[in-house]
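> Throw the hints in and build the complete structure from the sequences for me.
The sequence shown: position 33 = 33 (UniProt numbering), numbered continuously.
Worth flagging that the hints you see were computed from the coordinates, not collected in a lab.
Glycine is no exception: its CB is placed at the ideal position from the N, C-alpha and C atoms.
For each label pair, taking beta carbons as the anchor points, the in silico distance ranges come out as:
(1) Arg92 - Glu161: 14 to 22 Å
(2) Gly76 - Gln32: 16 to 24 Å
(3) Gly102 - Thr21: 15 to 23 Å
(4) Glu13 - Ala80: 31 to 39 Å
(5) Met81 - Glu174: 41 to 49 Å
(6) Thr111 - Gly159: 20 to 28 Å
(7) Gly184 - Val77: 46 to 54 Å
(8) Gly184 - Gly76: 53 to 61 Å
(9) Ala120 - Arg50: 33 to 41 Å
(10) Gly160 - Arg92: 18 to 26 Å
(11) Asp56 - Gly184: 13 to 21 Å
(12) Gly76 - Asp146: 48 to 56 Å
(13) Gly160 - Glu109: 25 to 33 Å
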Amino acid sequence: MMPSVPEERLSGEGWSLVEETTETLFRLPTAQVKGHTRLYEDAALRERVREAAGLDRQWRFFFATRVEFVPGLAPGVGPAMLLPTVTAESRRTFGDDLRERGFEDVRRERTERFRVRSGARARLQCYRATLPLSAETHADADALEDVEVEGWLGVWTDGGEFRLAGGAYPLHVEAVCEALGVSGVELSAKECRRELFDLIRAVS
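Right, dumping it as structure tokens:
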């Protein structure tokens, strides 16, 4: 079963569902840890950049994952016992995912905590990376060889199950769009972070 996300809000703000997947995230000595994931992107921003600059790529993404253990956990083994392991493995996997998406110099930064909709406390890890843009894609791309990117991954337990949620965005969206000739984009890093945190909080 897929995690619950704020679908109406996502749709209303220009996000679109990219894919739904089920895959093995990592393995424990006694079980496979599978993730049921919904991945969204800011389709509205992607389309504006594509139309204005001919550069077609995913600029902002958000995902939510429900974690399943196969076979189920043995009696007496609760989520709290596995939280450190799941958190560490999920952080490693998220970093690898950023690299697979073409991000470079991926590094971990600070951590934070906040409460999600269920009342559980989520542990958040901040990531920083750079997104190189090929000079072949746009005349002004030399000024955008390394776009700074910030990502966040949240991990928590919900009703005895684990949830993962997070995403990433350029730190200087307006400057990137201006350099590419995309006008009218008013989206700061602070606004991107706030929106992503609100989306993470709403996952159940």
